[in-house]
Amino acid sequence: MTTHLRDEQGPFFGEFGGRFMPESLIAALDEIAAAYDEAKNDPAFAAELTELHRSYTGRPSILTEAPRFARHAGDARIILKREDLNHTGSHKINNVLGQALLARRLGKTRLIAETGAGQHGVATATAAALMGMSCVVYMGEVDTERQALNVARMRLLGAEVVPVTTGTRTLKDALNEAFRDWVANVEDTHYVLGTVAGPHPFPVMVRDFHKIIGEEARQQVLDLTGALPDAVIACVGGGSNAIGIFHAFLDDPDVTLIGYEAAGDGVDTLRHAATITMGRPGVLHGSRSMMLQDEDGQTSDSHSISAGLDYPGVGPEHAWLASIGRAQYLPITDKEAMAAFRLLCETEGIIPAIESAHALAGALTLGRELGPDKVILINLSGRGDKDVETAARYFGVLDEVALVATELEASSLEAGELASDALTDELHAGSGEAAELASGRGVQL
Amino acid sequence: MSDTTIVSPVGTRIAQAKHDRAGALIGYLPVGFPTLEGSIDAAVALVENGVDVLELGLPYTDPVMDGPVIQKATQTALENGFRLRDAFTAVEAIRSRVDAPILLMTYWNPVVQYGVDRFADDLVSAGGAGLITPDLTVDSGAPWLAASDRTGLDRVFLAAPTSTGERLELAVTNSRGFVYVVSTMGVTGARNDVDASARTLVDRLRAVGSTSACVGIGISTGEQVAEVLEYADGAIVGSALVRALSEDGVQGAAKVAASLAVGTRR
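So the protein sequences, as listed, match chains U and E.
Read the first sequence against numbering that gives the first Met the number 0 and you will find it ends at 444, with the numbers running on by one and no gaps.
Read the second sequence against numbering that gives the first Met the number 0 and you will find it ends at 265, with the numbers running on by one and no gaps.
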């Protein structure tokens, strides 16, 4: 009998998923689940979403080959799925437009959202403006500071941004606050949950709105290379962009799927967000999945330079894919991610989101492991405009230092070779030292 | 379906309060706030000042049903190093000093990590009466239904204004002790007027067979307690007590409890 991993519809994925929520929200979740089931089978809903994808988001997003970057990845063939080119700058818009249409169907007039890096908040504010709804975005105070540009973008789009000052003041606390708002205002409000976590039906519904990424890319890679890619990779925080690109390939057993989690300062420290690598099963934000927690089940603080991956939980479908061995999840440190970030800027003229740079860092190791001419499809889930200040400070190139192009070219090429040597023996080890080498002298300008 | 042969300590106490007075006063405090000893003393003081049933909250990092006052208190408790085992210590200490049934109110993950059966057994050993589970509904609660039936612990599920008739029936038939009536759509916190929807919701619960329905969220005065007890079996007060405790210490909490208890007189 053939099993189709793509057919999973929740509420459970193996032992993961479900619905652990206050009774006050159960009616709303049932309402959404029913409306979504109805919308799924309504050609008018699909047609409207497709048209928005085409004329508003700019889908299909293109593929871009990255040959100069690939030289640092064992000469594998690196193909980027350019979700960064979507309107609003990331994959997040795919889900938001779907949910906003659903909210309109339900007669809701107010959208609320949580956001980490701000990408989901910007996308939600955008959809609210487009559809004439009011919008409130909850964002951890720490994140409002490190992603100030996105806060301004949301405000320009007419949304109210509420800095969340409870708990760790990051993404998980923004979710808590959004749930609290929703409990109080569920009558006129739809909570546009931004990732494939949360209670049923969110993990399934958000996945479905993002699976277009993989469906497009699968065909595009076939058209380009005549075959399926050897590996499909993405960064994983909550896991929406990863599930979006993985889903179309779940039943292609020869395609390796790897999600890269944020290892922050390293998984051997307490400052990381590598949920599947270091966590254990538990219940957080409405579903059972892997999570970072202490012995008592208190959620641990997570850390990542990337606000969008700084989350101690992960979507239940990822926990399931990991548990059955269909996908692997590997850690990437801040340093490795930032080195890859800079490398893509310098070799391809593309500034990636720091989130997506975790997948790029993974490709550097994976490419050398797979060998030349193997095809790696990377979900470039977002663009790095929002991260310019963070990256400029990280690399010390903010204002006071003028970069000399030749120096950069020299340092990055040399660094690539150094990194190549350093990483050969250490395929999946979150090797901070190697990453430091990869970023080379560029770091200490 | 709740096992009818199990005698509910909380249900018995509420029935007795209804017999003697207008109904029961249920008081909430978080364990470990301001300190473990302080929370034990405060809980004892509540009972000595007219609280019939204690509800002890377990501090949790992600309390989605709690408003700012309780969040602040539980966050303080966590920062002070609260551990789950402190809850059993508190229950045992309080039970040795006053005679009131104690329910723990806890989000679900700590119980999962402790082990549902182990948690139930340790709660029984400490002399606790049962659990209130704000983020665990009957349909997701099979392991807890089994553990509570095995141990005879009370289990309190929530009913909300948005709950369907079918779900209210599920809550009523599976709750033991009482059904927690979420009086208004929102998180915990004192409000000036307890939502009229509480009255409607209690009527709907009665219609599906509830004999023990207690109203919580938003109650902060003796007048409101009296008003709620006109139609419900108990009134639950949380934030107002926690605020008094944080501002005026154990004496302050005791004073507020006494003024709330006035509302239980017939």
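It is possible that some hints are incorrect.
[What the hints assert, rightly or not] Cβ-Cβ distance ranges computed for the label pairs, FRET-style:
no.: 1; chain 1: U; residue 1: G13; chain 2: E; residue 2: N79; range: 46 to 56 Å
no.: 2; chain 1: U; residue 1: D267; chain 2: E; residue 2: G208; range: 53 to 63 Å
no.: 3; chain 1: E; residue 1: T163; chain 2: U; residue 2: Q8; range: 19 to 29 Å
[Claimed, not checked] Pulled a few chain E residues facing chain U out of the computed Cβ check, cut under 8 Å:
no.: 4; residue: Y59
no.: 5; residue: V63
no.: 6; residue: L77
no.: 7; residue: N79
no.: 8; residue: W107
no.: 9; residue: D134
no.: 10; residue: A158
no.: 11; residue: G164
Treat the hints as calculated values from the structure; they're not laboratory data.
Heads up, the beta-carbon is just placed ideally off N, CA and C, and yes, glycines get one too.
Now the hints, each set against the structure:
Under the hint 46 to 56 Å, the C-beta atoms of G13 (chain U) and N79 (chain E), about 38 Å apart, miss the expected range. D267 (chain U) and G208 (chain E) have their C-beta atoms about 56 Å apart, which keeps the hinted 53 to 63 Å range intact. For the hinted restraint 19 to 29 Å between T163 (chain E) and Q8 (chain U), the CB-CB distance of approximately 22 Å keeps it satisfied. Restraint check, Y59 (chain E) versus chain U: the minimum CB separation of about 7 Å is within 8 Å; hint holds.
The restraint placing V63 (chain E) at the interface with chain U holds, with a minimum CB-CB distance near 4 Å, inside the 8 Å limit. For L77 (chain E), the interface hint holds, since its Cβ comes within 8 Å of a Cβ in chain U; the closest pair sits about 7 Å apart. The interface hint given for N79 (chain E) is violated, since its Cβ lies 13 Å from the closest Cβ of chain U, which is over the 8 Å cut-off. The beta carbon of W107 (chain E) comes within 5 Å of a beta carbon in chain U, closer than 8 Å, and the hint placing it at the interface holds.
Satisfaction of the interface hint for D134 (chain E) is found here, the shortest Cβ-Cβ separation to chain U being roughly 5 Å, below the 8 Å cut-off. Taking 8 Å as the C-beta contact cut-off toward chain U, the hint placing A158 (chain E) at the interface holds, the least distance being around 6 Å. At about 11 Å, the closest approach between the beta carbon of G164 (chain E) and any beta carbon in chain U exceeds 8 Å, and the interface hint on this residue is violated.
This entry does not satisfy hints 1, 7, 11, going by the numbered hints stated previously.
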